Structures are given as structure tokens and as C-alpha cells.
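Colleague: Work out the full structure, taking the sequences as your base and the hints as a guide.
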Amino acid sequence: MNGTNGKQSDFPDVALVPYPVIVAATKGDPDAMKIVLQHFSGYIASLSMRKLCDERGNVYFGVDEDIRQRLQARLMRAILTFRAE
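If you read the sequence shown in numbering that gives the first Met the number 0, its first letter stands for residue 0, the second for the next number, and so on.
To be clear, the hints were calculated from the coordinates, so they are not data collected in a lab.
Since the structure is predicted, the reported quantities are computational estimates derived from the model, not experimental observations.
Heads up, the beta-carbon is just placed ideally off N, CA and C, and yes, glycines get one too.
Don't take every hint at face value.
[What the hints assert, rightly or not] Quick list of simulated restraints, FRET-style, between CB atoms:
| hint | residue 1 | residue 2 | range |
| --- | --- | --- | --- |
| 1 | 15 | 52 | 21 to 29 Å |
| 2 | 51 | 72 | 17 to 25 Å |
| 3 | 26 | 55 | 46 to 54 Å |
| 4 | 19 | 60 | 32 to 40 Å |
| 5 | 72 | 17 | 22 to 30 Å |
| 6 | 66 | 19 | 13 to 21 Å |
| 7 | 83 | 57 | 45 to 53 Å |
| 8 | 54 | 14 | 23 to 31 Å |
| 9 | 18 | 45 | 22 to 30 Å |
| 10 | 56 | 82 | 46 to 54 Å |
Modeller: Set out below in C-alpha cells:
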């Protein structure tokens, strides 16, 4: 099992976070944590998209920074409590 849910990926190196990086992140290594956060940054940004209005009333979509920071903090807490055995 390669972790791609049966789909062939053109970029197998970026499909998954390497296991040693996960283990290092669970132990609190800041460099490993940064790699994991970068891996999920696109997904976090898409979850953080909100309809925003500017001062003239124009509506546009943008990343809500508060939501993005909360999701990143929640991911970091989940990584630190994860048990890789």
C-alpha cells in the first residue's frame, strides 16, 4: 500500500510526508514540523478561504488569516499528541 488510495501519482515524492519526518515532528523537531506544515499548507489555505468585502463593498475570496493560524495550531497540537509506533 502506497498511501495514494489506489490512484497513480505523477509526483510520488510529494504524495506523502516521509515517516522519519513524521517521527521527528512528533518529538518536537521544529524543522520536521515546518516540513509537515508546508506539506499541508495548500489544504489549510483552501479550508481558510472566505468571502470577504473591501471598503467599497466589492466581494472577493481570500484566505482568512485567523482561521489559517487556528488550523495550523490545531495541526501542530495533533502532531505532538500523535503516537508513531
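Colleague: It remains to establish, for every hint, whether it holds in the given structure.
Modeller: Here is how each hint holds up against the structure:
1. Checked against the hint of 21 to 29 Å, the pair residue 15 and residue 52 fails, with Cβ atoms roughly 39 Å apart.
2. For residue 51 and residue 72, the Cβ-Cβ distance of about 22 Å falls inside the hinted range of 17 to 25 Å, so the restraint holds.
3. Between residue 26 and residue 55 the beta carbons are some 49 Å apart, a value that agrees with the proposed interval 46 to 54 Å.
4. Between residue 19 and residue 60 the beta carbon distance is about 37 Å. The supplied range of 32 to 40 Å therefore holds.
5. Distance hint check for residue 72 and residue 17: the Cβ-Cβ separation is about 23 Å, which falls inside the suggested range of 22 to 30 Å.
6. About 31 Å separates the C-beta atoms of residue 66 and residue 19, a value inconsistent with the hinted range of 13 to 21 Å.
7. A C-beta distance of roughly 47 Å is found between residue 83 and residue 57, which places it inside the suggested range of 45 to 53 Å.
8. Separated by about 42 Å at the C-beta atoms, residue 54 and residue 14 break the suggested range of 23 to 31 Å.
9. Separation of residue 18 from residue 45 is about 25 Å and conforms to the stated range, judged on CB atoms against 22 to 30 Å.
10. With their beta carbons about 50 Å apart, residue 56 and residue 82 fall inside the hinted range of 46 to 54 Å.
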